[in-house]
Amino acid sequence: MTNHWVDIKNADLVLVMGGNAAEAHPCGFKWVIEAKKERGAKLVVVDPRFTRSAAVSDFYAPIRAGADIAFLGGVINYLLANDKIHHDYVKAYTNAAFLIDPGYGFADGLFAGYNEDKRSYDKATWKYQMGEDGYARVDDTLQDPNCVFQLMKKHYARYTPDVVSSVTGTPQDAFLKVCEMIASTAAPDRTMTICYALGWTQHSVGSQNIRTMAMIQLLLGNMGMAGGGINALRGHANVQGITDQCLYSEVLPGYLSAPTDADVDRATYLEKRTPKALRPNQMNFGQNFPKWHTSLMKSWYGNAASADNDYRYEWLPKKDAAYDVLAMFERMHQGKMNGFFCQGFNPLASVSHKAKVTAALGKLKYLVVIDPLDTDTSEFWKGHGEFHEADPAQIQTEVFRLPANCFAEDVGTFTNSSRVIQWHWKAADGPGQSLMDRQILGRLFVKVRELYAKEGGKLPEPVLNLSWPYRIPTEPSAEELAMEISGKAISDVFDPKDATKVLAKGGDQLPGFALLRDDGSTASGNWIYCGMWSQAGNLTARRDPSDPTGLGQSLNWGFAWPANRRILYNRASCDPSGKPWDPKRAVIKWSGTAWGGNDVPDMRLDAKPEEGVMPFIMTGEGVARLFAPAMVEGPFPEHYEPFETPLDNNPMHPDNPKAVSNPAARVYKGDMEVFGKASEFPYVATTYRLVEHFHYWTKQAKINAILQPEQFVEIGEELAREKGIRNGDRVKVQSNRGVIKAVAVVTKRIKALQVAGKTVHTVGIPIHWGFKGVTKPGYLANTLTPFVGDANSQTPEFKAFLVNIEKA
Amino acid sequence: MALQSLDIQRRSATTTPAPQARETTEIAKLIDVSACIGCKACQAACMEWNDVRDEVGNCTGVYDNPVDLTENSWTVMRFAEVEENGKLEWLIRKDGCMHCEDPGCLKACPSPGAIIQYSNGIVDFHQENCIGCGYCVTGCPFNVPRISKKDNKAYKCTLCSDRVAVGQAPACAKVCPTGAIQFGSKADMKDYADKRITDLKSRGYQQAGLYDPQGVGGTHVMYVLHHADRPQLYNNLPADPSISPTVALWKGVAKPLAMAALGLTALGSLFHYVMKGPNEVSKELEDEMERQAEAETEGERENAR
Chain D
0 MTNHWVDIKN ADLVLVMGGN AAEAHPCGFK WVIEAKKERG AKLVVVDPRF TRSAAVSDFY
60 APIRAGADIA FLGGVINYLL ANDKIHHDYV KAYTNAAFLI DPGYGFADGL FAGYNEDKRS
120 YDKATWKYQM GEDGYARVDD TLQDPNCVFQ LMKKHYARYT PDVVSSVTGT PQDAFLKVCE
180 MIASTAAPDR TMTICYALGW TQHSVGSQNI RTMAMIQLLL GNMGMAGGGI NALRGHANVQ
240 GITDQCLYSE VLPGYLSAPT DADVDRATYL EKRTPKALRP NQMNFGQNFP KWHTSLMKSW
300 YGNAASADND YRYEWLPKKD AAYDVLAMFE RMHQGKMNGF FCQGFNPLAS VSHKAKVTAA
360 LGKLKYLVVI DPLDTDTSEF WKGHGEFHEA DPAQIQTEVF RLPANCFAED VGTFTNSSRV
420 IQWHWKAADG PGQSLMDRQI LGRLFVKVRE LYAKEGGKLP EPVLNLSWPY RIPTEPSAEE
480 LAMEISGKAI SDVFDPKDAT KVLAKGGDQL PGFALLRDDG STASGNWIYC GMWSQAGNLT
540 ARRDPSDPTG LGQSLNWGFA WPANRRILYN RASCDPSGKP WDPKRAVIKW SGTAWGGNDV
600 PDMRLDAKPE EGVMPFIMTG EGVARLFAPA MVEGPFPEHY EPFETPLDNN PMHPDNPKAV
660 SNPAARVYKG DMEVFGKASE FPYVATTYRL VEHFHYWTKQ AKINAILQPE QFVEIGEELA
720 REKGIRNGDR VKVQSNRGVI KAVAVVTKRI KALQVAGKTV HTVGIPIHWG FKGVTKPGYL
780 ANTLTPFVGD ANSQTPEFKA FLVNIEKA
Chain G
0 MALQSLDIQR RSATTTPAPQ ARETTEIAKL IDVSACIGCK ACQAACMEWN DVRDEVGNCT
60 GVYDNPVDLT ENSWTVMRFA EVEENGKLEW LIRKDGCMHC EDPGCLKACP SPGAIIQYSN
120 GIVDFHQENC IGCGYCVTGC PFNVPRISKK DNKAYKCTLC SDRVAVGQAP ACAKVCPTGA
180 IQFGSKADMK DYADKRITDL KSRGYQQAGL YDPQGVGGTH VMYVLHHADR PQLYNNLPAD
240 PSISPTVALW KGVAKPLAMA ALGLTALGSL FHYVMKGPNE VSKELEDEME RQAEAETEGE
300 RENAR
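Note that the protein sequences, when read in sequence, are chains D and G. Numbering that gives the first Met the number 0 applies: residue 0 is where the first sequence begins, and numbers increase by one. Numbering that gives the first Met the number 0 applies: residue 0 is where the second sequence begins, and numbers increase by one.
Mixed in with the good hints, there may be bad ones.
[Unchecked claim] To give an idea of the chain D side of the interface with chain G (calculated C-beta under 10 angstroms), a few residues: (1) P25; (2) K36; (3) S52.
Hints were generated in silico from the structure; no laboratory data involved. Every residue, glycine too, gets a C-beta built ideally from N, C-alpha and C.
Starting from the given sequences, assemble the full structure and let the hints guide the process.
Next up, the structure:
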């Protein structure tokens with residue numbers, strides 16, 4: 000979330016799209032209800048199904064699964080065509096005025112530079128025109144045909160209400176009603192918040208779904224404002240923490256991009272990742288990359304890392320290829336992986352295309368499952384009747400199940416969707432021989448280090464020299480880890496403006512990332528968490544709810560990254576002169592001498608407004624990007640069909656077969672072939688969660704099982720009539736990858752939609768059942784889903800694919 | 000569950016005067032249907048606080064689970080899809096005991112002290128006195144009590160009388176994430192409801208209103224409904240509930256008659272008689288009650304299908 004849970008209460012309009020907050024986030028949803036009750040806010044829900052969020056909404060609009068960019072592109076067109084944008088904001092705080100290379104273009108569904116063989120773009124022309132002064136050229140009148148504003152206007156002019164309605168299936172009057180409600184928040188004293196979740200991410204165009212919304216929020220001037228922002232509701236108490244801490248291979252902790260084979264040495268690596276300012280006077284905060292990275296290396300390797308050995312850059316693994324979750328299972332499926340550690344992860348259920356995942360796990364030599372529960376994954380090798388077929392005699396994988404404690408049986412931190420890191424205390428001891436995760440990993444590490452010390456190996460140094468300063472090496476404490484991640488001064492840290500002034504004494508915990516250095520004098524395991532455990536102690540354990548202004552900014556509750564800031568980009572809540580756009584919801588303001596107020600300012604404290612230091616400090620431009628070349632499939636989001644589409648073509652580009660689905664999405668050999676066709680699988684399927692369950696865990700809990708005991712799928716009344724299916728019948732749902740059987744729930748809440756001249760039915764597939772647990776046994780829903788992901792993040796396309804359905 | 004810290008105002012099949020020295024505040028639970036997301040946290044909390052667990056059931060084609068109230072499920076969410084003029088509404092109502100001011104169950108109950116009403120308005124079953132006759136089921140205009148097959152006792156929501164007795168809100172109200180379940184004095188709950196109704200009217204629900212049916216003297220569980228003019232939309236919430244004529248006749252006419260006839264007898268034997276009285280109720284009335292009880296059980300089976 001750029002904003003936070005409590006801040007939702009400050010919104011005038013809450014849009015729930017690409018998510019179902021009432022069901023997936025019922026506790027956080029209280030703030031939506033609060034906004035409705037106390038501010039008179041309106042709630043709008045756009046979803047293929049009339050969800051429990053829709054049940055308490057003021058307006059609901061249906062949409063075909065996988066058509067969100069068409070809808071949102073239509074909103075952009077509506078805002079521009081009807082002049083419903085926050086002009087001053089757009090002009091000052093976005094790259095609307097920036098001039099783009101004249102070679103950039105978009106034709107017939109493809110951007111300039113497409114390479115069909117590689118399924119990727121050469122982005123050479125997706126860039127700013129640079130002036131002789133070394134900065135990007137701008138046209139403040141926004142009239143230049145190559146300025147971002149004009150290019151954007153042209154790009155989205157195609158998304159007329161007629162086209163949008165035809166592509167999305169949303170009735171035109173409903174679409175226009177939503178546009179009108181959204182447009183009302185272009186006023187400086189009105190804001191909209193958007194709550195989304197996996198309904199946007201789990202698509203082959205997932206990142207662009209979100210980006211389209213970000214563009215809308217920028218056009219409306221809702222970023223940085225109380226009650227605004229782009230708010231990703233995370234699906235697990237600590238999934239924000241796991242992302243920040245980077246327990247995956249694409250980045251290092253704190254979103255530092257991981258080195259690849261091309262980064263031959265530290266200098267090359269740092270050079271490529273340290274951006275240059277694109278406009279004068281900007282903070283260009285990314286220029287501090289070397290400080291963050293060096294402090295990370297000091298945290299990992301301690302005294303072994305120093306300036307004269309390049310902080311042991313050579314010890315870091317360098318990526319030779321992709322290692323995201325789909326890439327990992329592809330590799331495993333090809334038999335190129337020996338072992339797999341599976342900690343708090345149930346991939347048999349949560350990675351797309353179960354048959355492929357099952358086959359892949361069967362090719363491992365060993366699988367280690369660290370989990371409090373007997374997960375489905377840990378029994379992938381065992382037959383469970385019709386629900387999971389496997390023959391142990393054919394599977395050689397050795398499976399080790401290491402019982403771990405659950406979160407309530409350990410002490411530590413959670414980082415919630417609001418980016419607030421909160422300490423939690425142990426409530427009970429774990430059962431039996433279960434151990435805390437840090438005990439399991441501590442024991443493993445100490446043993447592995449022993450083996451390396453004794454036997455050597457290909458590259459023993461990174462293991463033997465890893466900083467492991469814990470009091471009990473086999474059991475690092477949560478406190479030790481939190482202090483290490485936050486960071487400390489190794490030697491005295493001096494003020495760069497005054498070399499005699501010591502800002503932090505050697506050995507002290509650091510107050511924040513501003514003190515990180517690239518000279519080896521500081522260590523921090525994750526720069527964005529720096530300051531959570533300062534000399535003042537464990538700030539994540541703070542529980543002071545006081546909120547003197549009533550805006551919900553409880554700055555002494557836990558610690559929010561970065562820098563305890565609760566609303567990101569909050570400088571943009573003020574006009575360029577430093578006055579709040581909406582004085583009633585002032586977040587910060589310029590006092591005449593400094594920035595201050597109700598939040599930690601997202602701005603250099605002494606940056607005078609007349610200096611023109613812009614609010615989006617993490618970009619070299621200082622402003623937010625309406626045109627974003629970093630995206631792999633185009634600088635402007637474009638509608639592409641899901642890889643399994645009910646249509647014969649992309650109705651936006653009916654004549655270009657190359658532009659049907661995301662042209663830059665990665666598809667593995669063998670997977671393209673098992674995409675189903677509408678002729679055989681005529682119905683759009685989408686998977687989702689129900690409030691009664693949490694993913695694949697709570698099927699193991701009695702109360703949850705009582706509340707939602709048995710697997711079902713949902714279909715509309717029209718489809719049910721066509722197929723002769725009655726409410727409560729057992730049905731068979733089949734995709735090109737597998738089949739599941741479940742009870743049919745026939746409902747008015749899913750409607751047939753008119754899409755590009757044909758009737759499209761939706762089959763809704765809740766995901767919570769499986770063959771392990773106390774619910775009635777069921778099929779894992781990913782039996783049906785395709786093995787393709789978002790082109791930028793590789794999040795699997797769980798939300799839009801094709802199935803057939805018939806009575807079982 | 001006997002709770003002596005709450006004064007008992009009425010007791011089934013008993014005429015002992017109620018204690019009156021202490022002043023009690025009338026309490027109420029307010030269920031704001033317009034803020035309910037049907038998350039069933041209230042059902043989970045009810046199971047946990049009261050240590051009741053139903054069977055793991057089946058999906059019957061609806062989100063309702065367990066599909067009906069049982070001796071182990073004292074509250075359930077009922078989901079109704081209502082479509083009018085092309086506009087769909089998913090009306091989700093938390094069902095359970097309404098804690099009537101004039102409780103039909105208590106009036107119908109022949110067993111002394113099996114059903115009591117506290118001075119704060121809570122109607123509670125004391126299973127140790129329950130004889131399992133099922134008259135409470137017949138007497139209830141909301142079809143709430145259920146007889147356990149295990150022990151042949153009647154069960155229903157206690158409004159967490161044990162929690163309320165020590166100043167705590169009922170478990171369901173405590174956990175409700177959206178504040179759809181509010182708890183407090185009945186007067187405060189009505190004030191709160193007024194605000195919600197004003198808000199709903201401003202959003203186009205012209206018939207929004209409070210459900211506090213007077214046919215049973217008002218209730219200590221009330222609803223804010225978007226369509227207060229048509230409570231039946233909410234899975235057949237009765238529009239104008241009242242105590243069945245059989246029960247009304249029994250307690251309204253038959254019992255005073257019996258009392259009058261006994262007017263001349265000594266006070267001690269009066270108490271003795273009244274304590275026993277219901278068991279001596281006319282055979283016809285008893286048969287009628289039983290027929291109704293059976294019919295209702297049959298009706299539930301139909302509904303469950």
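Structure-based check of all given hints:
Residue-level restraint check for P25/D holds (minimum Cβ-Cβ distance to chain G is 4 angstroms; threshold 10 angstroms). For K36/D, the interface hint holds, the least distance from its beta-carbon to any beta-carbon of chain G being 7 angstroms, beneath 10 angstroms. The interface hint given for S52/D holds, since its Cβ lies 7 angstroms from the closest Cβ of chain G, which is under the 10 angstroms cut-off.
Violated hints: none; the structure is consistent with every hint.
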